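Visitor: Each chain, written out:
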Amino acid sequence: MIPIVRNVLFALALSGLLLSSCTPAKQNAASKVKQDGDRKAAPDFSLKDVNGATVRLSDYRGKIVLLNFWATWCGPCKIEIPWFVEFEQRYKDQGFAVVGISMDDGGWEVVRPFLSRMGVNYRTLMGSEMVAQLYGGVNSLPTSFLIDREGRIASAHLGLVSKSVYENEINELLSAPVTRSAAGVPPVRHLAGGAD
Amino acid sequence: MNSNAPADDYMIPLRLTWDESLLKVQEVSYPKPESRKYSFSEKPILVYTGDFEIQTRFQAPAGAPIGMSVVTGKLRYQACNDSMCLPPKVVEVRLPVEIRAR
Numbered sequence: 001m002i003p004i005v006r007n008v009l010f011a012l013a014l015s016g017l018l019l020s021s022c023t024p025a026k027q028n029a030a031s032k033v034k035q036d037g038d039r040k041a042a043p044d045f046s047l048k049d050v051n052g053a054t055v056r057l058s059d060y061r062g063k064i065v066l067l068n069f070w071a072t073w074c075g076p077c078k079i080e081i082p083w084f085v086e087f088e089q090r091y092k093d094q095g096f097a098v099v100g101i102s103m104d105d106g107g108w109e110v111v112r113p114f115l116s117r118m119g120v121n122y123r124t125l126m127g128s129e130m131v132a133q134l135y136g137g138v139n140s141l142p143t144s145f146l147i148d149r150e151g152r153i154a155s156a157h158l159g160l161v162s163k164s165v166y167e168n169e170i171n172e173l174l175s176a177p178v179t180r181s182a183a184g185v186p187p188v189r190h191l192a193g194g195a196d
Numbered sequence: 197m198n199s200n201a202p203a204d205d206y207m208i209p210l211r212l213t214w215d216e217s218l219l220k221v222q223e224v225s226y227p228k229p230e231s232r233k234y235s236f237s238e239k240p241i242l243v244y245t246g247d248f249e250i251q252t253r254f255q256a257p258a259g260a261p262i263g264m265s266v267v268t269g270k271l272r273y274q275a276c277n278d279s280m281c282l283p284p285k286v287v288e289v290r291l292p293v294e295i296r297a298r
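Sequences listed follow chains A and B, in order.
Per this note's numbering, the very first residue in the first sequence carries number 1; after that it's consecutive.
Per this note's numbering, the very first residue in the second sequence carries number 197; after that it's consecutive.
This is chain A alone, in the form it adopts within the complex (with noise of 0.2 Å):
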């Protein structure tokens, strides 16, 4: 007796709800930096850059910073990269840094080619699942903060928005004035740890 199975070849219907769920992203070129008193702070972590150190936001604390997750499989994410790339390069010295956090799950084996290709000329740290939750929880990438000198998110954008919001953004911060809090780094609660 030899077993066969019924409806041998069957179909697997995928409705298109997967990607409803992704329906195209409102540009949020009417985002605007928070007034000084909405701003929150922003959790700190502490994760491992390329080279294995250990990196916390409040490193950069006095700086402003433009914080990016990504990933390498996030299409929209590779048209940002450039722009950061070339904010890092033009706004360093005034005080301003990006910091990348890749959620890829291949780790560094994966990100450290990409970046190298890419031309990333600023920090990137390879994210946990700890961090994402800290940030609401990063359901989407590409995903983005401003963080003021203070450590407050300054303005939050989920998907891809133009450059000029961002530039419009950064020059804002950058042509704030410096308060002595910024300037006088004092110490930043620690609110979570990250992946080290």
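In case anyone wonders, no lab produced these hints; they're calculated from the structure.
Taking lysine to any residue pairs in the SDA-like style, the calculated list, with each CA pair at most 25 Å apart, reads: (1) B/Lys-239 with B/Pro-227; (2) B/Lys-220 with B/Arg-253; (3) B/Lys-285 with A/Met-130; (4) B/Lys-233 with B/Pro-283; (5) B/Lys-233 with A/Met-118; (6) A/Lys-163 with A/Arg-123; (7) B/Lys-270 with A/Asp-104; (8) B/Lys-239 with A/Trp-83; (9) A/Lys-32 with A/Gly-95; (10) B/Lys-239 with A/Leu-115; (11) B/Lys-285 with B/Glu-230; (12) B/Lys-285 with A/Arg-112; (13) B/Lys-233 with B/Gly-246; (14) A/Lys-40 with A/Lys-63; (15) B/Lys-285 with A/Glu-109; (16) B/Lys-239 with A/Pro-113; (17) B/Lys-270 with A/Asp-105; (18) B/Lys-228 with B/Leu-291; (19) A/Lys-163 with B/Leu-282; (20) A/Lys-32 with A/Asp-44; (21) B/Lys-285 with A/Tyr-135; (22) A/Lys-163 with A/Glu-86; (23) A/Lys-92 with A/Val-178; (24) B/Lys-285 with B/Phe-236; (25) B/Lys-285 with A/Asn-139; (26) A/Lys-40 with A/Ser-128; (27) B/Lys-285 with A/Gly-107; (28) A/Lys-48 with B/Leu-282; (29) B/Lys-270 with A/Asn-139; (30) B/Lys-228 with B/Pro-209.
Remember, predicted model here, so these are calculated numbers, not experimental data.
Given the coordinates of chain A, work out where chain B should sit on it, guided by the hints.
Guide: Here is chain B on its own, set in the frame of chain A:
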């Protein structure tokens, strides 16, 4: 979402895999993808949109239990549009099958 061969080394392909402890997989057939140009890519990406079907041909090995059974599998997928990407997901697939004596 990305097809099973999205034509970009960094894209995560759609992949359907089955637990073969009950039935052996002879072939998994993915539909023909659409070639779409996205703003983030120099060349078109091969994707699936809307509804589509993936077909699997199974073979019942000798001694397979006669009657109703369930074959389980995993579908890994990852979706993007022009402005954002969702992280890769794995969903479990459960397929009722009936194995009959021939």
